[in-house]
Amino acid sequence: MFEFLTGEGDKVFLEWSDKYVTGSKQIDDDHRGLFDVVNHYHKAVHSGDGEETLDAILDLLDRYIQEHFAREERLMAEIGYKGLNEHRKRHIDLTKAFRATRLSYHMSPGDFDADAFLKFLQTWLTQHILIDDRRFIPYIERERTIRKEELSSLA
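Position 96, counted from 1, in the sequence shown is what the numbering used here calls 379; the numbers after and before it change by one each time, with no gaps.
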């Protein structure tokens with residue numbers, strides 16, 4: 284959906300690895316894209332890019348987060364994930380925290396602690412994937428098994 288923004292020679296702040304794989308190509312691609320946008324923001328912050336550039340990246344990150352959350356919640360509903368309501372609440376809480384932090388940036392860009400914000404994004408994203416998203420992997424695997432059985436019964 285989103286093109287990956289981190290180029291080959293870019294220093295990587297947040298590195299993707301197989302430990303983040305959920306088993307859903309669409310969700311994994313979204314997660315990789317989120318990593319890339321955070322890396323792009325990190326690069327912009329540390330190369331002294333102006334407020335306009337940083338704000339554009341934050342706009343992209345906000346849209347990306349919302350689209351990803353909607354996609355992830357649709358998948359969870361489709362596969363019958365029982366923890367969907369709690370997971371959705373975590374998404375809402377993150378959105379509120381992200382937007383509140385972003386508002387503080389708008390109100391006082393000179394006082395904004397971009398490194399603390401990057402740490403927040405890094406911690407949230409990695410922990411959300413490794414803890415919260417891991418909980419629905421068995422549902423993805425169950426759905427994959429059901430579909431394979433249905434296909435083999437048609438053959």
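Quick caveat, the hints were computed from the structure, so don't treat them as lab data.
Some hints could be false.
Derived pair list, reagent style DSSO-like, types lysine-lysine, alpha-carbon separation capped at 30 Å [said to hold, decoys possible]:
#1 Lys326 to Lys379
#2 Lys302 to Lys379
#3 Lys302 to Lys326
#4 Lys379 to Lys402
A quick look at each hint next to the structure:
no. : hint             : verdict
1   : Lys326 to Lys379 : holds (24 Å)
2   : Lys302 to Lys379 : holds (27 Å)
3   : Lys302 to Lys326 : holds (24 Å)
4   : Lys379 to Lys402 : holds (17 Å)
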